[in-house]
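Trainee: Chain by chain, the residues:
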Amino acid sequence: MFVLVTTVFFLMRSTGDPITAALGGRLPAAELAERVREAGYDRPLLVQYAEYLGDLVRLDFGTTLSDRRPVLEVLTTFGAATLELAFYALIVAFVVGVPLGRFAAYARDRWPDAVLRVFAIFCYATPVFFAGMLLKLVFASGLGWLPVAGRASTRSEILIQTSVENPTNIYLVDAVRTGNGEVISDVLQHAVLPAIALGLLTAGVFLRLVRTNVIGTLGMGYVEAARSRGVSERRLLRKHAYRPALIPIVTVMGLQIALLLSGAVLTETTFEWKGLGFQLVQYLQARDFVAVQGMVVLLAVIVAVTNFVVDVIAALIDPRVRY
Amino acid sequence: MATSLTGSGTTPGTAPARRRRGLPLVRQLRQSVGLQRGMLVAGLVLTAVFLVTALLADVLAPYGFAQLRDAGGAFGAQQPPSGDHPLGTTVGGYDVLSRVVHGTRTALLVIIVAVVLSIFAGVLLGLVSGYFGGWVDRVLVVVCDAIYAFPPLLLAIVVAIVISGGESSLWGGIMAAAISITVIYIPQYFRVVRAEVVRIKAEAYVESAKVIGASNWRIMSRHVLRNATRTLPLILTLNASEAILTLAGLGFLGFGIEQSAAAEWGFDLNRALSDVTSGIWWTSVFPGLAIVLVVLGLTLVGESLNDLADPRLRSRRAAEAGETGEVTVVPGGPLGAGPGGLAGIEEVR
Numbered sequence: 001m002f003v004l005v006t007t008v009f010f011l012m013r014s015t016g017d018p019i020t021a022a023l024g025g026r027l028p029a030a031e032l033a034e035r036v037r038e039a040g041y042d043r044p045l046l047v048q049y050a051e052y053l054g055d056l057v058r059l060d061f062g063t064t065l066s067d068r069r070p071v072l073e074v075l076t077t078f079g080a081a082t083l084e085l086a087f088y089a090l091i092v093a094f095v096v097g098v099p100l101g102r103f104a105a106y107a108r109d110r111w112p113d114a115v116l117r118v119f120a121i122f123c124y125a126t127p128v129f130f131a132g133m134l135l136k137l138v139f140a141s142g143l144g145w146l147p148v149a150g151r152a153s154t155r156s157e158i159l160i161q162t163s164v165e166n167p168t169n170i171y172l173v174d175a176v177r178t179g180n181g182e183v184i185s186d187v188l189q190h191a192v193l194p195a196i197a198l199g200l201l202t203a204g205v206f207l208r209l210v211r212t213n214v215i216g217t218l219g220m221g222y223v224e225a226a227r228s229r230g231v232s233e234r235r236l237l238r239k240h241a242y243r244p245a246l247i248p249i250v251t252v253m254g255l256q257i258a259l260l261l262s263g264a265v266l267t268e269t270t271f272e273w274k275g276l277g278f279q280l281v282q283y284l285q286a287r288d289f290v291a292v293q294g295m296v297v298l299l300a301v302i303v304a305v306t307n308f309v310v311d312v313i314a315a316l317i318d319p320r321v322r323y
Numbered sequence: 001m002a003t004s005l006t007g008s009g010t011t012p013g014t015a016p017a018r019r020r021r022g023l024p025l026v027r028q029l030r031q032s033v034g035l036q037r038g039m040l041v042a043g044l045v046l047t048a049v050f051l052v053t054a055l056l057a058d059v060l061a062p063y064g065f066a067q068l069r070d071a072g073g074a075f076g077a078q079q080p081p082s083g084d085h086p087l088g089t090t091v092g093g094y095d096v097l098s099r100v101v102h103g104t105r106t107a108l109l110v111i112i113v114a115v116v117l118s119i120f121a122g123v124l125l126g127l128v129s130g131y132f133g134g135w136v137d138r139v140l141v142v143v144c145d146a147i148y149a150f151p152p153l154l155l156a157i158v159v160a161i162v163i164s165g166g167e168s169s170l171w172g173g174i175m176a177a178a179i180s181i182t183v184i185y186i187p188q189y190f191r192v193v194r195a196e197v198v199r200i201k202a203e204a205y206v207e208s209a210k211v212i213g214a215s216n217w218r219i220m221s222r223h224v225l226r227n228a229t230r231t232l233p234l235i236l237t238l239n240a241s242e243a244i245l246t247l248a249g250l251g252f253l254g255f256g257i258e259q260s261a262a263a264e265w266g267f268d269l270n271r272a273l274s275d276v277t278s279g280i281w282w283t284s285v286f287p288g289l290a291i292v293l294v295v296l297g298l299t300l301v302g303e304s305l306n307d308l309a310d311p312r313l314r315s316r317r318a319a320e321a322g323e324t325g326e327v328t329v330v331p332g333g334p335l336g337a338g339p340g341g342l343a344g345i346e347e348v349r
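In the order they appear, the protein sequences are chains U and R.
Note that the UniProt record's numbering has the first sequence beginning at 1, numbered continuously upward.
Note that the UniProt record's numbering has the second sequence beginning at 1, numbered continuously upward.
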């Protein structure tokens, strides 16, 4: 993580100081130099780096250049939105991927298995934004069943903002707190398409993983032993092969988080879901490197923490794993 | 294609002559049965179509990728598919078919540059790291793990901005995309090669080469490298497909190659985003399909090779059909590169 923070800092700064990058050409040269000096970007890079690390330890991410908001505030507001999306996507992935994977292993080498495997590869081969666009095309602008973009309709957003104190910015939670059924269903409807677009990507991975692992465990000695005791194939699959096959999923989940975050950036842009990814792209286009740096650091922290948690869970589930 | 994918295993005419047995892919093709053969063949066909299209783009496309008008006047924006424009025109007034066809060339260029760079760097680092060990090894492993755990697309964006400053000419854009993809994939090559090198280092023939007094450099290039790179073709196919997805993602977010400089599917999709809302489908569906088909083709090839390399996964029918012979097509054991290559590579560690 420390490596990443350092790398990102120097990569970002290798293009010049943030203020010139963001405002260069828009301000007269003298004024620009003034602003650069004020912000301390004319000092040696190593001094700035040391100061930056010091600020980080105190959880001070600085202030964005383009709209002058504290980066920490941006992170918590939009981070919640991304968290919500990722959560929905994981639900979709589990609900779709795990049972189908198990079924594919059960139907090994017969046609349902073939169909499911091709489906899984399709899930992986389709970029989330294209899947998202297709979903929008069919269900939003074509059939008109679901909203096209955004996290909620304007009406619900205003309702949430006016009636909820200290909003968590996780819209589902906020909507429930308004106690208004219409707002809840409106928020849920907006979440359906993005969740499917992002969830299917991970669902394909889960499907294949479960299939491979169940097939693997079916060949294990203890399953063989149970089979020779006369346990039915169906029971073998359910009781003996399925559970142990789920353990690797927990480990892969950790790796999936990084992919899920990448996918979230694309999904959020497709659906104008105002989360971290959507905002990150905005700041990148504005060359607001202070904001970008803060976001990247936060993402690095998320990835590091989830990997740690995943390791711990894996150790809890499987006593053989010890660190 | 659908029939060959759900394949009944009757793929006629693909059985190679006996004398070609030694060729790569041909042996795997012979070894495969049923569904797996269907998937491998479908993947190879898709990949071949992709390569041919990329090479013959100028011949196949009716117009240039940045052409806005011909003798009959301007194309007009957002025209639905018609005789003149079989796949319609985009919001910018380009011919969709031409852009899709020319897009194969951009994708191929990026893949080639990215794969060559990451193999070169990844293999070299993995070799040095695995062979010499010590603190260099530890530092490299930590750095690679850090890069590896990070959301790949974000890394690509950051690198793309550093390299091109956001503006993109043809080669500027291609190099930016390729180098960002390289940075992401070096850790994968690094890990696989390093793991192999560590294993090979303990082999008797390395020991004997040392006894004879061969130099480190000679042992590394002669004895270790040649034996350590045999799993690379598998990762290569899988990474090529991921490279396309990363390129498209970059383009979609607007960090790709400008429309006037080259045709790039992701960027076209970005421009088509607002069309989708108003129900215009041809500007987004075709470039998107192109991405899906190319990635599908490459993934199918990589997947099939991987499955064939893993005796656990090889179709049971293969054994029943009496296809004994080699236990794994990848010497040195199955690679186990899973979906997206990530899960599997993790196991190699």
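Since the hints were made in silico from the structure, they are not lab data.
Just so you know, these numbers come straight off a predicted model, no measurement behind them.
The C-beta atom is built at its ideal place from N, Cα and C for all residues, glycine as well.
One or more of the hints may lead you astray.
Ranges of calculated distance between the beta carbons of each label pair, as one might list FRET restraints [unchecked claim]:
(1) R/VAL49 to U/GLU272: 34 to 42 angstroms
(2) U/ILE91 to R/TRP217: 49 to 57 angstroms
(3) U/VAL95 to R/ARG218: 52 to 60 angstroms
(4) U/ILE158 to R/TRP135: 42 to 50 angstroms
(5) R/GLY134 to U/ASP311: 21 to 29 angstroms
(6) R/VAL211 to U/ARG238: 32 to 40 angstroms
(7) R/GLY134 to U/ILE247: 33 to 41 angstroms
(8) R/GLY279 to U/TYR222: 52 to 60 angstroms
(9) R/VAL139 to U/ASP311: 36 to 44 angstroms
(10) R/ALA48 to U/TRP145: 36 to 44 angstroms
(11) U/VAL138 to R/ARG138: 45 to 53 angstroms
(12) R/SER221 to U/LEU146: 56 to 64 angstroms
Here are a few chain R residues that sit away from chain U, every Cβ distance over 10 angstroms (derived from the structure) [to be verified]:
(13) LEU97
(14) LEU108
(15) ILE200
(16) VAL211
Trainee: When the structure is checked against the list of hints, which entries are broken? Sort them ascending.
Mentor: Failing hints, ascending: 4, 6, 9.
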